[in-house]
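K.L.:
Going line by line, the protein sequences match chains A and B.
Okay, so the first sequence: first residue is 1 according to the numbering used here, each after it adds one.
Okay, so the second sequence: first residue is 235 according to the numbering used here, each after it adds one.
Fair warning: there could be bad hints in the mix.
Claimed, not checked - Covered stretches of chain A, as calculated for chain B (at least 3 residues, CB under 8 Å):
id : region
1  : 67-74
2  : 92-99
As the list claims (entries may be wrong) - If the Cβ cut is set under 8 Å, some of the chain A residues that face chain B in the computed set are:
id : residue
3  : Leu-48
4  : Leu-50
5  : Pro-52
6  : His-54
7  : Gly-55
8  : Glu-56
9  : Tyr-78
10 : Gln-81
11 : Arg-110
12 : Leu-147
I should point out that these hints are in silico values taken from the structure, not numbers from a laboratory.
Backbone N, C-alpha and C define an ideal beta-carbon position, used for all residues, glycine too.
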Amino acid sequence: MIRCRALTVRFRHRTILSDLNIEIPKPGTHLLLGPNGSGKTTFLKALLGLIPYHGELFWAETNLAVLKPREKARLLGYVPQTLQTDFPLNARDLVESGRFPFAESKSTSRENAEKLMQHMNLMDLADSPIASLSGGELQRVVMASALAQEPQFLLLDEPANHLDPYHRQVLVESLQTFAAQGLGILIVSHDWELFRSLNPQAICLRGGEIVASGPLDDLSAELGQLYQPERATT
Amino acid sequence: MMQKPIVLWLCGLMAAGCIFYLAIAVGAVPLKLSDLWVSGTASHMVLWQIRIPRVLLAFGAGAGLSLAGLVFQTLFANTLATPYTLGVSSGASFGAVLMLFLMGSFNQTGWGVPIGAWLGALLSTAIVGFAAMRGLARQKHAMLLAGVAVTFFFSSLILLLQALSSQVQVFQIMRWLMGGVSVVGYRPVLVMLAVVFGCAIFLWSQGRRLNVLLLGDDLAQSKGLPVQALRIRLFISVSLLIGAIVALVGPIGFIGLVIPHAARLIWGQDHVKLIPICLWVGGLVLVFCDWIGRTAFAPQELPVGVITALLGSPIFFALLLRRSAH
C-alpha cells in the first residue's frame, strides 16, 4: 500500500500539491484524474523521488525517502508519457534496463529481459531501434521495461495518449491481466471511460488538492464538475 | 553473427600494427625498428626518446579524448556534446594559458600548466554541469549554445591574456593552442597515461550505469539509478581526464565527437563495450593524425590539432545536417 501524509510540492513559490493525505492499496487499480495542471504527474514524480517534496510517502510502514534507489525501483515501475533519449537504443536494451535494480550479471539481465519479452510477444521487436516503433509497440516495450523491475506497483502517466482505438483496447486488456496477477496499478489519465472496465478507484485532483475519491462508478457527479473551468466551481 | 566481432577485432589489430609501425618508423628521418635494440646510435636515441614517447602521448591523448566525448554524450543525453563543443577544452586552455602568463614561459612553469589546465577544466565543467542541471540538458540545441557561450568566454579571456603578454609568450601560447603531441622523455607521458587509464577503469566500472543514463534522467532514476550522484562522479573524472590531456597536448578537437559517434553506429549503445573500443580507436586515430602532420609537409611539421580539425569539422557539419534532417 502507498500512503502519503501531508504531501506538499512547491515549485518557485507556486504550490502544485497541497497537503495531500491518501492511501492507495494494493492490489487494485487506481485512476488519478484531474484537469491539466492539477498535479497528477507531479504526484507520480514525488512518489518516484524525482522531485523534492514536503510531507511523507510510505510503502506500507517504510518511508520511501529512506529506501535506496534500487530498492524503490523494485517497488515502483514507471511508464512515462514520452521517452527522452537521443540515442538509437533498441527494444531489448530498453527492457534490459529494467533489470538494473537487481544485482545480476549482464548475461543474466539479458536472459531475464528476453524471457519477459517472449512472454509479452515482443521478441520480434527486440532488435528494432525504438525510434522505428509505432506508438503502441513502444508503449508495450516501455511497459515491459517497467515490469522487468518486478515492481509491486505500476505507475502509468497518460498511457493512452498517442494510441489508436485498437491499441487503447490492448492496453486496457494488458492492465486487466496485470491487475489479476496482483499488481497494483496507478494510472494518470483524463480518460476515465477507457479504464472503466478495470473497476478502478478514482482520485480526483484539482488545484493540487483531492476533491473527491472512491469507486469510479460512484463519482459521476464529481467527474462532471472536475473538468469545468475554475470559475464555474467557485 | 558471431564472426562479425572477430573480423572487426582482427581488422582493428592489423590497423593498429600498421599505424604503430608507420608512426614509429616513418617520419622526417626514416628509421629501422631493429635500431630499437642497438644502443648508442642516433636512431636508437630518436626512437626511444622522441618517437615512442610521442606515439604513447598521442595514443593516450586520443584514447582519453575519445572516452571523454563518449561520456559527455551520455552525460548530457546529446550526441553532439563533447568536451570541445561544450567549452571544457577552452576552459582547460585558459587555465594553462593563465599559468603561462603568470609564470613567464613554458620552461619555468613545471606543474603549473597541468594544474592550471585541470582547474580550468574543472571550472568549465562546473559551468556546463550547472547549466545542465538547471534543465538546459533537456533542450539539446540550448546546451550546445551554452557550450558556444562558454567557449567564447574563455577564448576572450585567452585573447585578453595574449594582448597583455610578451611576444615570446604570445608565440608560445599560439603554438600551444594549435594542439600538438611533441614531447621528449617519458615522465609527463606516463603521468598522463596513468590518469587516462585510471579514469578509463573507473568509467568502465560505471558502464552499466551509463547504459541506464541513456534513458533520460527521470526514467533512469525510476530504474534505481542515483542520477545526481553518478553525474557528479562522472563530471569529476571527465574534468580530471580532460585537464590531464589538455595540459600536455593543448586543445585537440573532434576526436571526442567523431570516434564515439562512429563506435555507437557500429557497436550499439553498451558502454561496457564502447569504452574499450573508444579508447583503442581514439588512440589509434590520433597517432595516425599525428603521423600525417609529421610527414605530409616534412620536414615542416603540422600540429595534430590542425589535422583533427581539418578532418573533423566537415564530419561535425555532416552530423549537424543529418540531425536536422531527422
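K.L.:
A separate judgement is required for each hint: does it hold in the structure or not?
P.N.:
Comparing the hints with the structure gives:
no., hint, verdict
1, 67-74, "holds (count 7)"
2, 92-99, "holds (count 4)"
3, Leu-48, "5 Å, holds"
4, Leu-50, "5 Å, holds"
5, Pro-52, "12 Å, violated"
6, His-54, "19 Å, violated"
7, Gly-55, "20 Å, violated"
8, Glu-56, "19 Å, violated"
9, Tyr-78, "4 Å, holds"
10, Gln-81, "10 Å, violated"
11, Arg-110, "10 Å, violated"
12, Leu-147, "12 Å, violated"
Of the numbered hints given earlier, the model fails hints 5, 6, 7, 8, 10, 11, 12; all others are met.
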